[in-house]
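Given chain W's structure and the hints, the job is docking chain F onto it.
For reference, the chains in residue letters:
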Amino acid sequence: MAKVMSLEDAISKFVQDGSTVLIGGTYMTDEPVAAAHEIIRQGKKDLTLVLGEAACMVGDLLIGAGCVKKIVSSLLGFMRLKPIAPRYRRAIERCDLEVWEAEQNHVHAALRAAAQGVPFMPTLSGVGCDYHKVNPDIKVLQDPFGDRTVNIVKAIEPDVTIVHTATSDDWGNAQHGGSLHYDILSCRAAKKVIVMTEQVVSYDHIRKNPDKTHVIGYNVAAVVEMPFGAYPSEGQACYRYDLDHYREYLRMAETDAGFEEYLDKYVRGKAHNDFLQLAAGTNKLLELQTGVH
Amino acid sequence: MIDKQTTVENVIAQIHDGATLLIGGWGPARKPMAFLRALAKSPVKDLTIMSFAALDLDLLVGLGKVKKAIYGFTSFEGAPGAMVNFRRARQEGALQAMELSEYMFIAGIKAAAERLPFYPTRSGLGTDILTMNPEIEVITAPYTGEKLVAVPALKPDIILIHVNVADYAGNARIFGDCYLDRLFVRAGGKTFLSAERVVPTGQLAEDGRAMDILGPWVNGVVECPQGAAPGSCYPDYDVDAAKLAEYTWAAQDPENFSAWAKDNL
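As you go down the protein sequences, you meet chains W and F in turn. Residue numbering for the first sequence follows the working numbering, starting at 1 and increasing by one per position. Residue numbering for the second sequence follows the working numbering, starting at 1001 and increasing by one per position.
Bound-form chain W, shown alone (with noise of 0.2 Å):
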């Protein structure tokens, strides 16, 4: 089928520059980091990166290598290794980066209103705050039944979505290993989706569990087989995260210096396989997938 491809075409064939692109997962579960690895090898730029749940390691990443334009998401941190992303934090202390200054909850009633082809959404969240004089994308409304005034938050239609899941059939209907994160409604808020998968399998199996089915392929452009494509970060039943790999990362991307020797050593010039026998091992990630499933 056409829409299995490698993860190099994906990416040039569907991330422009410019491009609006929504990265699944949540902080260090189920992030894409290899299609990560493959936009800064491809050099995009000016892109509008929106994160469904905070995705961390692919949000620094891009904003470090200098692909991001315009950051859409409340947060961007390392939860308790990091609050704040080191990459993103230098970028907003320079004025490198333009912030859609907003709570989660807008960002999520952004992708509700372009999920259902409507130009805005109204909210509760934020109600009493500042955001519609900092945001032009959320403004004020007269509830048209009673007293008081809601948010409205403009549709945020992704150009393209980014998710990895635990499987994927070639038609891009395609199964978590467990949490769903905000992938549904990123998904859903979507033009196109590229599905970066641990397994292709069976239509067939597939629909052995159709309950199971969160991703749906009408919109899926692109399925990208690629295992490990989610480490360092958890590959939901599959394998654990890498909390060295996080470390090391974290004290790297420090200095400006740092980070593009992370960047050469790591990403620049490498396939994924490179970065996987770099980073980890085969024992390691032996390690990080035993006792998940």
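No lab work stands behind these hints, which were simulated from the structure alone. Cβ coordinates follow ideal geometry from the N, Cα and C atoms, glycine included. Where hints are given, some of them may not hold.
Okay, the calculated beta carbon distance ranges per label pair [to be verified]:
| id | chain 1 | residue 1 | chain 2 | residue 2 | range |
| --- | --- | --- | --- | --- | --- |
| 1 | F | E1146 | W | N283 | 19 to 27 Å |
| 2 | W | V134 | F | K1190 | 51 to 59 Å |
| 3 | F | G1126 | W | F145 | 19 to 27 Å |
| 4 | F | P1216 | W | G66 | 40 to 48 Å |
| 5 | F | K1190 | W | T282 | 54 to 62 Å |
Straight-line Cα separation of at most 25 Å, PhoX-like style, residue types lysine-lysine; simulated pairs [to be verified]:
| id | chain 1 | residue 1 | chain 2 | residue 2 |
| --- | --- | --- | --- | --- |
| 6 | F | K1147 | W | K139 |
| 7 | W | K191 | F | K1147 |
| 8 | W | K3 | W | K191 |
Structure of chain F alone, referenced to chain W:
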């Protein structure tokens, strides 16, 4: 361990005159008929019923329980029944009605579920739904200047839903089409489930499939085998065609209907 098991009588005792009820299921499928039968026998009146309606609404209208109906459709959907009581009440002007498109109905429930005053949609634009329901507003979208319908939140006091299997804590599974029931439980108000089977908490999770209804949304659970009959409850039973035909026949005569319905449903 939380135990939300209760009885049909206790559930009905929480429904007061003038209450707004949101009823799960779709047409003749998976309607909480055990609850509704008990409600039909109770003295409660002046209800507002919100439903994708068939037998549920028609029965309550036939027994004089309903002041206002809010619905996306009324239909037995191919099952051998007809909305005889409902039709008569509408023809005689005895029933207030808010007749909506299916999506407008859903949008109103979504607004309630998200605690919003309204939900924006294109559904209903250019139709007489807006003429017949002047309380529904048309607003201008701030960014595009486009006209959109603002459906006001449809807020229930009580939500009644029939499921295949529930546990003591109110977690539940629906084996066939869930229709809008996963949304309905979040619409606010008290939610009561009738279930074909009720099992100890924990047993439902054993096969690892996702829950359809989560316990925190649920106030009470009652085991009611055949609780959706004479409607259907996939995969346990289909509609009772003979009973629905009999119902439709009985409803032709409003004098005797009340007695017939209480004895037979």
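For each hint, the structure was consulted:
Distance hint check: the CB atoms of E1146 (chain F) and N283 (chain W) are about 58 Å apart, inconsistent with the given range 19 to 27 Å. Between V134 (chain W) and K1190 (chain F), the C-beta spacing of about 40 Å breaks the proposed range 51 to 59 Å. Roughly 21 Å separates the CB atoms of G1126 (chain F) and F145 (chain W), a value that falls within the hinted 19 to 27 Å. At about 45 Å, the beta-carbon gap between P1216 (chain F) and G66 (chain W) stays in the expected band of 40 to 48 Å.
A beta carbon spacing of about 56 Å between K1190 (chain F) and T282 (chain W) agrees with the range 54 to 62 Å that was offered as a hint. Of the pairs offered as hints, the one joining K1147 (chain F) and K139 (chain W) holds, with about 17 Å between alpha carbons and a cut-off of 25 Å not exceeded. Between K191 (chain W) and K1147 (chain F) the CA atoms are separated by roughly 23 Å; this keeps the pair inside 25 Å, and the hint holds. Distance hint between K3 (chain W) and K191 (chain W) is fulfilled; the C-alpha atoms sit about 15 Å from each other, no more than 25 Å.
In this structure, the earlier hints numbered 1 and 2 are contradicted, and the remaining ones agree with it.
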